[in-house]
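2 protein chains.
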Amino acid sequence: MQLPDSFYLGALDRVVERLGADGDDGLLVTHPADVAYLVGFCYAVTEHPVYLWIGADHDRFVLVPELDREYAEQQRIHAPVQTYFEYPGVTSPEEHLAGLLRRRGLGAGRIAYTSSVSVGTFDRLRAVLPEATWATSDVVAGLRLTKAPEEIELHRQAADICDSMLAAGRTYIEDAIAAAGELPREGEIARHVIGHGTDLVYQRYDRVVFTTKLAGGLVYAGPNAANPHGLPSSRRVQRGDTLILSLGAAVLSRFVESERTFVIGEPSAEQRRYFETARTAQHIGTEAMRVGRTCADVNAECLDVIRDAGFGEYLRHRQGHGIGVQNHEAPWVEDGDPTPLAAGMVLSSEPGVYVPGHGGYRISDTVLVTAEGPERLTTYPRSLEENVIAA
Amino acid sequence: MQLPDSFYLGALDRVVERLGADGDDGLLVTHPADVAYLVGFCYAVTEHPVYLWIGADHDRFVLVPELDREYAEQQRIHAPVQTYFEYPGVTSPEEHLAGLLRRRGLGAGRIAYTSSVSVGTFDRLRAVLPEATWATSDVVAGLRLTKAPEEIELHRQAADICDSMLAAGRTYIEDAIAAAGELPREGEIARHVIGHGTDLVYQRYDRVVFTTKLAGGLVYAGPNAANPHGLPSSRRVQRGDTLILSLGAAVLSRFVESERTFVIGEPSAEQRRYFETARTAQHIGTEAMRVGRTCADVNAECLDVIRDAGFGEYLRHRQGHGIGVQNHEAPWVEDGDPTPLAAGMVLSSEPGVYVPGHGGYRISDTVLVTAEGPERLTTYPRSLEENVIAA
Chain D
1 MQLPDSFYLG
11 ALDRVVERLG
21 ADGDDGLLVT
31 HPADVAYLVG
41 FCYAVTEHPV
51 YLWIGADHDR
61 FVLVPELDRE
71 YAEQQRIHAP
81 VQTYFEYPGV
91 TSPEEHLAGL
101 LRRRGLGAGR
111 IAYTSSVSVG
121 TFDRLRAVLP
131 EATWATSDVV
141 AGLRLTKAPE
151 EIELHRQAAD
161 ICDSMLAAGR
171 TYIEDAIAAA
181 GELPREGEIA
191 RHVIGHGTDL
201 VYQRYDRVVF
211 TTKLAGGLVY
221 AGPNAANPHG
231 LPSSRRVQRG
241 DTLILSLGAA
251 VLSRFVESER
261 TFVIGEPSAE
271 QRRYFETART
281 AQHIGTEAMR
291 VGRTCADVNA
301 ECLDVIRDAG
311 FGEYLRHRQG
321 HGIGVQNHEA
331 PWVEDGDPTP
341 LAAGMVLSSE
351 PGVYVPGHGG
361 YRISDTVLVT
371 AEGPERLTTY
381 PRSLEENVIA
391 A
Chain U
1 MQLPDSFYLG
11 ALDRVVERLG
21 ADGDDGLLVT
31 HPADVAYLVG
41 FCYAVTEHPV
51 YLWIGADHDR
61 FVLVPELDRE
71 YAEQQRIHAP
81 VQTYFEYPGV
91 TSPEEHLAGL
101 LRRRGLGAGR
111 IAYTSSVSVG
121 TFDRLRAVLP
131 EATWATSDVV
141 AGLRLTKAPE
151 EIELHRQAAD
161 ICDSMLAAGR
171 TYIEDAIAAA
181 GELPREGEIA
191 RHVIGHGTDL
201 VYQRYDRVVF
211 TTKLAGGLVY
221 AGPNAANPHG
231 LPSSRRVQRG
241 DTLILSLGAA
251 VLSRFVESER
261 TFVIGEPSAE
271 QRRYFETART
281 AQHIGTEAMR
291 VGRTCADVNA
301 ECLDVIRDAG
311 FGEYLRHRQG
321 HGIGVQNHEA
331 PWVEDGDPTP
341 LAAGMVLSSE
351 PGVYVPGHGG
361 YRISDTVLVT
371 AEGPERLTTY
381 PRSLEENVIA
391 A
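Protein sequences appear in the order of chains D and U. The first sequence maps to residues 1 to 391 in full-length UniProt numbering. The second sequence maps to residues 1 to 391 in full-length UniProt numbering.
This is chain D alone, in the form it adopts within the complex (with noise of 0.2 Å):
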């Protein structure tokens, strides 16, 4: 599974136009998200690098370790393959990277690279390629930061399969209630959900790859909701708990998350004023992603409603993040990200109310900017009405 021909050459002509206008003679590419979001190779991350070379002059190739040769030729990725044995190897992969580019002429050449590379493995380029010269590049952060139609498709695809999930998490949970048995562990419900969402994906498409996760989901009830990023529990969810599905589905690696807070059986008024906080900060916040304006003035009209209704002591975290090839990527939703947003952003809207000891309220959605307002990818209900499991 591919996007079409056209998006990648799209973007590669775009990597070239930079380079030219900064007078670099390639990008070396090193984060496994860029590489996926230009060629199409999605691989699991180790210890050995992958390689995207990018020249001025529109020569490609990805240096790749030998055990995954054949998957990335299987995948028909939009780059000739160069393979290096193994890591640490005799002959290391920077040095085979070397001579690839020693082979081109280049070995002196001016080297655009993005700063996610680890000063490690910079400093052994550096070592191989001494006479080369090298300067940061956002220019892979900049085609990102808005998605082509083809990978909003993506995207809508993912949320289709992430509302599925929540759907099947809920009916998951009542079913155990009608039964009259026990109530099901946090784990066995996030368990069930992921394989909901995988056995979706597996069903709907062929060569199935990704870059980090097909689907995945974290469930917390009662006071384990109150962490934002706690882990799934051994406890059996009760009558009485807030519950929070925070579920996510990929599409060849175009992420999408939902979350949903629900309640089992009559929420009590304590449980609705947060509820309602939540529901009502997130609803504005999203209504507020509209173009032009700045992440860092969403962030704060969103997150105000919630220190307006005196429960700033309970925010953990901002309104949301960019979602793309990688779950959170810029732009950030943020006080510090003076971002203007633009059309073909994806972001989540996610503002929280965490309360120690007692659970947490948030709902998110997947939000696509459009010139015509903010356009929610993930159509789960959000009122509270729908989401209390009668129990």
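Incorrect hints may have been included.
[Claimed, not checked] Distance condition first, Cα-Cα at most 20 Å in a straight line; then the derived SDA-like pairs of lysine to any residue:
1) D:213 - D:2
2) U:213 - D:46
3) U:213 - D:210
4) U:213 - D:267
5) U:213 - U:75
6) D:213 - U:210
7) U:213 - D:44
8) D:213 - U:216
9) D:213 - U:328
10) U:213 - D:192
If you're looking for bench data, these hints aren't it; they were derived computationally from the structure.
Starting from the known structure of chain D, fit chain U onto it as the hints suggest.
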């Protein structure tokens, strides 16, 4: 769940000793596995940096995002917790860190750091601490090379879970055969064994935490097994297939991997030949894992078995790698790593034979190097006779 205090205090003492010897004022630790190793904090890795400071005066703290504060406190980690609100932040995490160091009189100090930090992050650190001097340090990598007895006990517990996962996978296929229905898909087998392993972790331990996963697995059969890092597919296992179950589990992020090759039905002569070659290489390579021999030497002896059998073209990777807080870590059992083996190292031994279009053969154990010789922590049967699934 944590290791005993003495483990963390011992590690800190050794870091401080080295800082003194190197003339450094402190060590800045940024890699999640190093943080987990040194102070027992396990967390979901996102764009939010976590900084652990260990001063030459034994002073220490860990700087985490607000969303992980309670989670860190619940883990009773071995360092006081400081927080910053968000990423990227109006005041960046690095500015928070600089403030904490300046308040300790270390704004112009000599700071050791690990070279796994990204170039971008390192540039930000230098910008906020312009008077500091910086030096890379491999002190933590050195500590992690050999495992303490308390860690080895966790590896043993993880090995027991891995062995149980292998048995569960085999039983799952046998049950399908006995039921005379369709054989399961690769992805279904993967989910079953991962679920089995995850259940065991939750049954056996309180306060389950992890850095990357609890239990994981790749399952591939037939031609798909010829990709060492291929994904489980929606293809159903078939009679006549070679099947690899490549499984892993972790207890307090101490990893183990265990992999076995099965044949569904009576093996062909070709399957026998490849299997026995991989099996013999693994046996000889594992027996070679003795104190004082180098990684390169052991790897050569192991892979020579495959080359001498005439299957050198089917090699795709080295014999193995270190395993600890990460499932792949130094040392590397490969030609390019001259590290001598030492008692307390934990290594994978997993040579493989990959025949494009036909299948793959790999047997992996997690091996503890001891003064008395190699000890296999994973003990699931390895012979072909024991790994034929009657069909």
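Now for the hints, and whether the structure bears them out:
For the hint pairing residue 213 of chain D with residue 2 of chain D, the CA-to-CA distance comes to about 17 Å; that is within 20 Å, so the pair holds. Distance hint between residue 213 of chain U and residue 46 of chain D is fulfilled; the C-alpha atoms sit about 14 Å from each other, no more than 20 Å. Only pairs whose Cα atoms come within 20 Å are accepted, and residue 213 of chain U paired with residue 210 of chain D is accepted, the gap being roughly 17 Å. Under the criterion of a C-alpha separation no larger than 20 Å, the hint pairing residue 213 of chain U with residue 267 of chain D is inconsistent with the structure, at around 34 Å.
Using a Cα cut-off of 20 Å, the hinted pair residue 213 of chain U and residue 75 of chain U holds, with the two alpha carbons roughly 17 Å apart. The hinted pair formed by residue 213 of chain D and residue 210 of chain U meets the criterion: a straight-line CA distance of about 17 Å does not exceed 20 Å. For the hint linking residue 213 of chain U to residue 44 of chain D, the alpha-carbon distance of about 14 Å falls within 20 Å, and the restraint holds. Between residue 213 of chain D and residue 216 of chain U the alpha-carbon distance is near 12 Å, which keeps this suggested pair within the 20 Å criterion.
For the proposed pair residue 213 of chain D and residue 328 of chain U, the alpha carbon gap of about 19 Å is at most 20 Å, so the pair holds. For the hint pairing residue 213 of chain U with residue 192 of chain D, the CA-to-CA distance comes to about 17 Å; that is within 20 Å, so the pair holds.
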